[in-house]
Amino acid sequence: MADRPYLPCTEIIGFLADYLDGELSPERKLEFERHLAVCPSCVAYLETYRETIRMARATTNGPRIPIDDAPEDLIRAILSVVK
Amino acid sequence: MFMNTPSRQERPGGDNLVARLRSGDGSAFEMLVRTQTPALLRVARRFMHSEEDARDALQDAFISAFRSIGAFEESAQISTWLHRIVINACLMRLRTQRRHPEEDIEKYLPKFLEDGHQAEPSAPWCETAETVLQRTELCGLVRRCIEQLPDTYRVVLLLRDIEELPTEDVAQMLGVTPNAVKIRLHRGRQALRALLDPHMRDIA
Ligand SMILES: [Zn+2]
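Chains as they are written, first to last, in our numbering: chain A, 1 to 83; chain B, 84 to 287.
Just so you know, the hints here were simulated from the structure itself, not pulled from any lab data.
The C-beta atom is built at its ideal place from N, Cα and C for all residues, glycine as well.
There could be a bad hint or two in this list.
[Stated by the list, open to error] Below, a sample of chain B positions facing chain A; criterion: calculated Cβ distance under 7 Å:
hint : residue
1    : Pro193
2    : Phe195
3    : Ala212
Chain B with its partners taken away, still in its complex shape (with noise of 0.2 Å):
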């Protein structure tokens, strides 16, 4: 099947480069952290909660990742392996520093009454995701708002609506059961929505 891969070996970060990472070739190393570096610390940086820590959990990566080159698939793209081995490695970090306890997330989901309807009926937005992007204040409201979410619900709300994993395998990274991931992703996005909702509200 592979045999109909077009020019495999021109791919950049292909099968030469990870044959010469397997080789120890120092200069095919350099050449993936300085190439890889900038996404990654990007995507270390949104579970981290300081500056200091995404670095760290992009060294940690950096370090398994060599240590594990011999068990990568030569049919998966290398960013997409490196991009899994930093998120582990934040998670990793993210459990060591948990803070407890654990702000309660029940204060931001929407209450009923007994009747079942809403004990205070929400309204529209008159911002979008559109709009709030054109508005650098906003912009880094809404990373504000996502910081402020406690951990539990904060990393799954990124695995899975920023990072775009698959729900089985959030479960798996974080070793609960595909269901728990579908209820903390959906009281994530509640949580979110009621941070986001005073300053979204059109109030005219």
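Bound conformation, chain A alone (with noise of 0.2 Å):
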């Protein structure tokens, strides 16, 4: 059992998505979490990866970003043309 051999960094890495979606079966969530577990390049990989998801997502779409308002003559453009 402990002489099992790991799981290569690019196993790990090429299936983070679905890790982190929690698509992976049980025996292979196990083996990713072994790797983990002595792999702290691929943990890092893994966070950072995680963060770039909420970094992207907090500085484009975050309640924190305010909505512009509506330029006038974009809004007159539109109407002109739909009415």
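With the hints in hand, could you dock these two chains into one complex?
Below is the structure:
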């Protein structure tokens, strides 16, 4: 059991999205976590990958990003073509 | 079932407005454009590379929305419906102006050694989404890095991670398989991560 080979980093990074979405089988998830327990590089990759998604969302669509007023010339242009 | 829905007539943007739009009521029309434009323009700006293109896409969207108001299902929210139409208008415009050849994504993907280990070990970041939000220049940096992604991947990242649309819907909108959406999303996130990495690392 203990000398069972670990998954390579390629497998971890390749299936990260499935892991985060909870789409791996229980056996596969176990193998994933066994690798993460001994590989700080993959742990860092996983955490920064997750933070990338959060940063993208927070800086483009988060509640803290104010919605500007609509430019009046644009509204007039739209109304003139659709009316 | 919808008999139980309370006060349907009072819902803003509800049936009353839809009926007025269908009957060609110009003031209903104007009200819709005025109330929805700010949020929709923000969506269009995320997808398009210039302010002018974002405005043109929004105009396309309103034209197609008013042509197809008859197809609007009353059980849906008009804002959600318009949101989809704006995204489709943006995708259509992006398809016609796609840059050829598109930048190669490979250079942003992690490299591996023959034994399967990462060629360069990954390191933790000192910044988080929360700390980034507190600094205008970092917010701008994240947005510029997203803008730098090749469109094929950028669009999927926007649709999945930012608009938060389901994989199946994105696949349908782009005319590709759900698996292709998953692959593009993963690559797009990896590329964005690589672009952000030098700026976010703990340089202690
Ligand atoms: Zn690893």
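Taking the hints in turn, this is what the structure says about them:
1. Pro193: With a minimum Cβ separation of about 6 Å from chain A (threshold 7 Å), the hint on B:Pro193 holds.
2. Phe195: 5 Å, holds
3. Ala212: 4 Å, holds
In summary, this structure violates none of the numbered hints.
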